[in-house]
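Q: Fit chains B and C to the given chain A structure using the hints.
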Amino acid sequence: MSGRWSWFNITSVVIGFAFLYIPIVLLVIYSFNESRLVTVWAGFSTKWYVEMLGNEGLMDAAWVTIRVALAAATVATVLGTLAAIALVRHTRFFGRTLFTGMVYAPLVMPEVITGLSLLLLFVSIDMDRGFWTVTLAHITFSMCFVAVVVQSRLVSFDMALEEAAQDLGCTPMQAFVKVTLPVIFPAVLAGWMLAFTLSLDDLVIASFTSGPGATTLPMKIYSQVRLGVTPEINAVSTILIGLVAIGVITATLVNKRRMVADARAAAAR
Amino acid sequence: MKSLGNVRRSFAPWADSSARPYIAFENVTKRFDDFTAVDDLTLHVFEREFFSLLGPSGCGKTTLLRMLAGFEEPTAGDIFLDGQPLKNVPPHRRPVNMMFQSYALFPHLTVADNVAFGLKQEGMARGEIAERVGRMLKLVRLEQFASRKPHQLSGGQRQRVALARSIAKRPKLLLLDEPLGALDKKLREQTQFELMDLQEELGLTFMIVTHDQEEAMTMSDRIAVMDAGVVRQVGTPAEIYEAPSSRYVADFIGNVNTFEGRVTAIENGMADMAASDGFAIRTHAGAHGRSGAHAYFAIRPEKIEVTRQRPDQEHNAVEGEVWDIAYLGGLTVFNVKLDSGTIVKATVLNTERGVEDPIGYEERVWLSFTPDCGLLLEN
Amino acid sequence: MAQPEQANRTGGSEAFRRIAIVVPYLWLLALFLLPFLIVFRISLSEPVLAMPPYAPQFDWSAGWQEFLEALSQLSPANYLWLAEDALYRNAYLSSLRIALISTALTLLIGFPLAYGMARAPERLRPILLMLVILPFWTSFLIRVYAWIGILKPEGLLNQFLMWIGVIGEPLTILNTDTAVYIGIVYSYLPFMVLPIYATLERMDHSLVEAALDLGCTAFGAFWKVTARLALPGIAAGCLLVFIPAVGEFVIPDLLGGTETLMIGRTLWIEFFANRDWPVASAVAILLLLLLVVPIVLFQNAQARAQEKAK
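Protein chains in written order, with my numbering: chain A, 1 to 269; chain B, 270 to 648; chain C, 649 to 958.
Since the hints were made in silico from the structure, they are not lab data.
Remember, it's a predicted structure, so these values are computed and weren't measured experimentally.
Which residues of chain B face chain A? A few of them, derived with a C-beta cut under 8 Å, are:
| # | residue |
| --- | --- |
| 1 | N366 |
| 2 | A373 |
| 3 | F375 |
| 4 | F386 |
| 5 | G387 |
| 6 | Q390 |
Note that the Cβ used here is the ideal one computed from N, Cα and C, for glycine as well.
With the rest of the complex left out, here is chain A (with noise of 0.2 Å):
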């Protein structure tokens, strides 16, 4: 679509970004804020991060939560991966439907149900409550995110890429790996940051399946939350938003620089 850039687009486009970035930008603004009351500004300082640092209850957390991330968004790339493969190139097994539903479901599940059903599982089955049965949860749910990003990529996988390598001499084993993983790689990626953020961020789940001494850092946020807002929580904020904002630009930029070094040789054929 293009046509005519009005105001009234311009307006809304404006107040539309401006909705949804003011609220973080104050919140980080306020975490440099030398008052403990979050609202009234009182001069700059960054003591609020010495604090957060040295929290270690905080810190523990943070360090629980990276370690389930980590894990959870590795297993669940490469279970997700193969979710996805079964879906798009095994048209006919059985249970297909039932497999298609459970890929599905968790996506459009509220986490207050997938938090209690996996509690319930892990209660009666005797299993003790704590950092494995969270990552197992965070699996279980970011798989079908990562099925779901890596199936669109393999729908428009061009099969004849695949069977041009067995074609060379791979057999299908190598030519998947040689070929089709490579090319669909960057999907993979992307479902593998999607389950990292997703562990990262999960409040609901995590307080359903976490036990004694495995408090993720969601789940300490929400704690001391409830409790007020406080600068510290800003400052740990800050911090997250940070991260992310630098991992989603740098993997803009290096998009663009590629995208660049394309349009440079595409110009000089």
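A: Positioned in the frame of chain A, the structure of chains B and C alone reads:
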């Protein structure tokens, strides 16, 4: 029998009954669920032949190619390559390479790595690979693009990379699936001749799938015209054009006028036919003429003469009104409406610059032809 | 050409094919379907003061007779209770109401934003798109949390409004339904914008020009062409907002008041505060039933969109 058209070179192993076919499809059937893509098909192709499978989409030609490459297994029947049965031989073990319609260039590899892919897979020594890749790229004139990725190439360049990759392993048989379909007309014509030269130079057997009849005519030693899973006719381009075995084949290749009618008499190898358009046809009876039978007479537009005066012949002449004239430079196409309502197409070669008093719209004209010019067909 | 079955094309790597199906399949059976059946079974149990806090327990070692005995003790009592109790009925209704109103508000803000983005100069669009997606990658909890500081009585919004003199007294926004609406609209705005933007971006502007050429007013062309063609995107966006909003827990818990009833939160309270696992399970099953309709609608819409894409 007089020869039909020019044979490209004196190469006709198919005419030698003792020659062993290089590729043999024996009663091959391929079904997908309830769809029969290939139906009890038998076809022989000979070494060093440039063979085309020609037909509309859905006729089973690509399936035939894919069975040869090993991507599909026949539901019934056998395929032999150089006398060896191909049953249960996986694609990577077949001494056959394929050039894909979509080119199927590996997007994550450079041009050179694409060409080297099959050689590496074969376990060829590094130095040898580099040397072979260099030669292949030189052959397709892409030396300076070796380090490009496929998406940085134009359509014609991609096509040539795909070609280089598919012949890098020196296969005895190269399968080409609509290899020129994605190219524009000019490039396509140029590439057709390049492919022919390449095939002759490397001494390969080419089996090519196309729906473009002109392409098939230009390049092939022989053509198989396919329809709904069966081969309707196999022959040299000239045979297919001049002696089609059915209306389907006649219609698929080039333009044709067909007249329906009944054979009234056969005498001395000549058949008399009463066309339902109200004139008498006399032609060679051929294999299809039987007295009293319902038949079709097929004739190419360029073999019909257009005159103002009634030609001096009893048969093979009919009157009509000029309905449409298309001036195409080298020739002019007349669409003439017979009194029966049938439109007949006739082309006239423009051998002179400017004609005095040319035939115009709505003029009454006579269409005529000699007994040698057409063909009697049963169906 | 006939489309051969894809499974055939991967050829002989039967083992790999099995792994790709079996491993995720078993995982989902064990960690998605089985837990679900357990929830269903517990929703038919009675709460007891024990660990685990429900009865009957199935003792698999006790034999078939015992099992049948335990099975006969299951009852739909919890569901009857939920149906009778106005509190739960209200929680369901209010979840639906809040989700519907929030979805409408999100559309109201999201459509002009998506429309503006789609009409932006082409070189700006990728940046705008990234700006919409970026909040999605940042923590949901943090984004909700950010609103607490803004909405509370001595918060930044009230400070600002009083400073420009619109109001004399601070407004009570935090811990009301309004705050929940704001929170949902804010959190789910990208879900609304992205599908609408996708349909609008693909749309050919000459269609609008053709409508204008055929005598439509600018608004008429917008309404009859642009809005109509964006309908699939609007439908997808609304469902993507509505479905998670119904089961939302964090937003009503942090921004809503004590009287803000939402079913996700009710479940949470039943489970963590009242430790009534059977009722929590029954609430979960009913919540799921509530979502089946929009989910099926969503699935159909997606299937249709995929058909169209082909």
